[in-house]
Amino acid sequence: MQHPTFPLKVNELGAEIIITPCPGTKDVPLAESISQLKQAGAVAVLTFMQQFELEKNNVTEIKTLCEQAGIQWFHLPIQDDQAPEEMFQTPWQQARKIVHQLLDSNQKIAVHCKGGTGRTGLVSAQILLERGWSLADASKAIKALRPNSLTLPPHVNYLEQLAQKMA
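Residues in the sequence shown are numbered from 1 upward in steps of one, following full-length UniProt numbering.
Derived from the structure by calculation, the hints contain no laboratory data.
Heads up, a few of these hints could be off.
When the alpha-carbon atoms are kept at most 25 Å apart in a straight line, the in silico SDA-like pairs for lysine to any residue are as follows [what the hints assert, rightly or not]:
(1) LYS140 - MET166
(2) LYS140 - GLY14
(3) LYS38 - TRP73
(4) LYS26 - ALA163
(5) LYS38 - GLU67
(6) LYS97 - LEU135
(7) LYS143 - LEU102
(8) LYS97 - GLN2
Let's have the full structure, built from the sequences with the hints guiding it.
Now the structure itself:
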């Protein structure tokens, strides 16, 4: 079986955000999911699930498995259905530099929450906004891959405020 992925082109030179549900939760074992993300070109994985969600879904080994595969792993937790708070914002300040350097180098990063729609779409849009995309273009690109993304009011409000700050 193949772990589901939804590649979003960031530029024409190969940089991609690989939008995906949580590895190890879609009838593909965690180790195999990580291997498939590596084969897809992912050099980093950004996880937006909280620790209790990792435990509940039996994927607490994700950090170790990513490291063994030579993939950088970033834990950037966001409460489900909510806008990012301090537990995301603080580690994001360091992670964002690396994430943008990887994309500037035309690398691929994988991003996920539990289902690969809500928080995943939210942070994918934030990354694109930080790269100079308009909110409309970012939303269109993400919704083309994950139509149910960017529909929750806390997510929409957060992105609208972020877009205004960046304008």
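Against the structure, the hints come out as follows:
1. Distance restraint check for LYS140 and MET166: the Cα-Cα separation of roughly 18 Å lies within the 25 Å cut-off, and the hinted pair is therefore satisfied.
2. At roughly 19 Å between alpha-carbon atoms, LYS140 and GLY14 fall within 25 Å of each other, so this suggested pair holds.
3. Restraint check for LYS38 and TRP73: the C-alpha separation of about 12 Å stays at or below 25 Å, so the hint holds.
4. Our distance criterion of 25 Å between C-alpha atoms is broken by LYS26 and ALA163, whose separation comes to about 33 Å.
5. As the CA atoms of LYS38 and GLU67 are separated by approximately 11 Å, the hinted pair is consistent with the 25 Å bound.
6. This hinted pair checks out: LYS97 and LEU135 have alpha carbons roughly 20 Å apart, not beyond 25 Å.
7. Of the supplied pair hints, the one linking LYS143 and LEU102 holds, its CA atoms being roughly 23 Å apart against a limit of 25 Å.
8. Proximity of LYS97 to GLN2 is assessed by CA-CA distance (about 31 Å); at most 25 Å being required, the pair is judged violated.
Hint compliance for this structure: hints 4 and 8 are broken, all remaining hints hold.
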